[in-house]
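Participant: Let the sequences and hints guide you as you build the complete structure.
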Amino acid sequence: MTAHDHDHGPSRRKVLECMTWAGTGVLWTVAGGVPASLGMIDQALAAETKGFTFLQISDSHMGFDKPANPNAKGTLEEAIGRVKALPARPAFMIHTGDITHLSKVSEFDDAEKIIAQAKLDVHYVPGEHDIIDEQPGKLYRERHGRGAKGAGWYSFDANGVHFIGLVNVVDLKAGGLGNLGAEQLEWLEDDVKSRSASQPIVVFAHIPLWTVYPSWGWGTEDGARALGYLKKFGSVTVLNGHIHQVMQKVEGNVTFHTARSTAFPQPAPGAAPSPGPMKVADDKLRGMLGIASVTFKQNEQRLAIIDTPLQG
Amino acid sequence: MFRMLMRGAFAAMLLLAATTAQAADADVAIDNFTFGPQELHVKVGTTVTWVNRDDIPHTVTSTTLAFRSKALDTNDKFSFTFTTPGSYKYFCSLHPHMTGTIVVEAAAGGK
Numbered sequence: 000m001t002a003h004d005h006d007h008g009p010s011r012r013k014v015l016e017c018m019t020w021a022g023t024g025v026l027w028t029v030a031g032g033v034p035a036s037l038g039m040i041d042q043a044l045a046a047e048t049k050g051f052t053f054l055q056i057s058d059s060h061m062g063f064d065k066p067a068n069p070n071a072k073g074t075l076e077e078a079i080g081r082v083k084a085l086p087a088r089p090a091f092m093i094h095t096g097d098i099t100h101l102s103k104v105s106e107f108d109d110a111e112k113i114i115a116q117a118k119l120d121v122h123y124v125p126g127e128h129d130i131i132d133e134q135p136g137k138l139y140r141e142r143h144g145r146g147a148k149g150a151g152w153y154s155f156d157a158n159g160v161h162f163i164g165l166v167n168v169v170d171l172k173a174g175g176l177g178n179l180g181a182e183q184l185e186w187l188e189d190d191v192k193s194r195s196a197s198q199p200i201v202v203f204a205h206i207p208l209w210t211v212y213p214s215w216g217w218g219t220e221d222g223a224r225a226l227g228y229l230k231k232f233g234s235v236t237v238l239n240g241h242i243h244q245v246m247q248k249v250e251g252n253v254t255f256h257t258a259r260s261t262a263f264p265q266p267a268p269g270a271a272p273s274p275g276p277m278k279v280a281d282d283k284l285r286g287m288l289g290i291a292s293v294t295f296k297q298n299e300q301r302l303a304i305i306d307t308p309l310q311g
Numbered sequence: 000m001f002r003m004l005m006r007g008a009f010a011a012m013l014l015l016a017a018t019t020a021q022a023a024d025a026d027v028a029i030d031n032f033t034f035g036p037q038e039l040h041v042k043v044g045t046t047v048t049w050v051n052r053d054d055i056p057h058t059v060t061s062t063t064l065a066f067r068s069k070a071l072d073t074n075d076k077f078s079f080t081f082t083t084p085g086s087y088k089y090f091c092s093l094h095p096h097m098t099g100t101i102v103v104e105a106a107a108g109g110k
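Chains as they are written, first to last, in numbering that gives the first Met the number 0: chain R, 0 to 311; chain D, 0 to 110.
It should be emphasised that the hints constitute simulated quantities derived from the structure, not laboratory data.
Fair warning: this is a prediction, and the values are worked out from it, not measured in the lab.
Each hint should be verified, as a subset may be incorrect.
To be verified - Chain D side only, calculated, beta carbon under 8 Å to chain R, not exhaustive:
| no. | residue |
| --- | --- |
| 1 | N31 |
| 2 | D53 |
| 3 | D54 |
| 4 | I55 |
| 5 | P56 |
| 6 | T62 |
| 7 | A70 |
| 8 | N74 |
| 9 | F90 |
Note that CB positions come from ideal geometry on N, CA and C, so glycine has one too.
Facilitator: Now the structure itself:
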């Protein structure tokens with residue numbers, strides 16, 4: 000199967016079978032007008048897709064040991080095992096926060112040791128669980144925020160794509176959602192202002208930048224302002240974590256996508272009394288944890304995102 | 000002399016018991032990402048104790064920073080004694096959609 004098979008219109012079932020066989024889990028190409036649902040695969044790309052690929056992992060929650068997953072360390076190790084087994088080596092990895100559960104030194108250490116086994120550069124942004132040490136955020140900034148601005152935001156270029164790591168878990172206001180703040184927004188405006196509209200943009204942050212479910216705090220108060228600065232760009236991909244489940248939305252040139260956690264699943268919006276860790280049957284857990292790989296192909300507006308569960 | 004001392008101690012104990020009864024301590028449970036009760040009325044001098052029953056850490060943070068807990072892991076507690084009447088709004092600084100209020104009323108017949 001090749002990336003061009005869709006010309007002959009393979010059935011969705013066929014594509015999925017093929018993917019299962021290839022062991023890459025659920026795969027889809029984010030294409031225009033596709034509703035935000037995993038089931039609505041419009042066009043699929045094969046695992047041998049050529050292009051520039053990077054990987055996203057999220058919500059490792061090192062130190063979490065509650066019933067929803069008493070062994071978050073073990074499942075992170077499994078996730079890194081998946082990364083090592085990928086047929087094409089990704090260029091690097093991004094981690095969209097909640098590396099630790101309680102911002103403890105030992106938790107940061109454990110995460111670092113396990114993630115290092117992938118032998119990839121890792122670009123981090125913090126989650127709210129990473130900044131609850133005695134001096135909030137100090138441990139995170141020392142380890143992963145060197146050279147970054149403010150609470151840890153930064154940007155870099157790779158393979159012609161501009162990557163922007165944002166922090167939306169600091170200085171949150173009562174009754175509100177995630178928050179970027181004026182200083183970071185100004186920096187962002189300045190960071191993208193002189194860039195060509197044809198340069199693909201990838202933004203990553205912990206809490207979704209789009210409003211997923213405000214009554215559970217799943218959104219970013221000033222996320223729309225950030226996206227406003229990115230309006231001129233033809234290809235914008237926004238990658239988040241925090242909600243421990245795959246969700247996607249396409250709005251104009253912007254593709255929003257959230258990754259699975261490697262630690263524990265959370266309920267679908269409104270499906271439970273609270274967004275707390277969801278206990279599922281032991282044999283179901285690994286189907287709800289996982290990693291995501293993102294491939295950028297030259298001359299294609301949208302990036303292909305492949306979500307791979309740890310099992311199934 | 001010993002008897003007088005004992006009597007004094009007993010009186011002190013009574014007094015202590017009376018004070019405690021006047022401003023009974025109160026609890027707020029953090030459960031399912033909610034503070035319960037969401038609004039709590041107490042007399043001045045009351046010590047309020049928050050207990051986190053969730054599998055996820057939370058904080059108790061006053062909007063004016065009059066009080067502020069560190070991150071409370073499962074079953075961790077935080078206590079604060081309210082010595083001034085007023086309405087104290089607070090939230091979880093990690094999950095700011097979680098909000099609550101402590102309304103501190105002047106002691107009956109008090110100042």
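Participant: Kindly indicate which numbered hints from before are broken by the structure, ordering the numbers from low to high.
Facilitator: Number 8 - this is the single hint that the structure violates.
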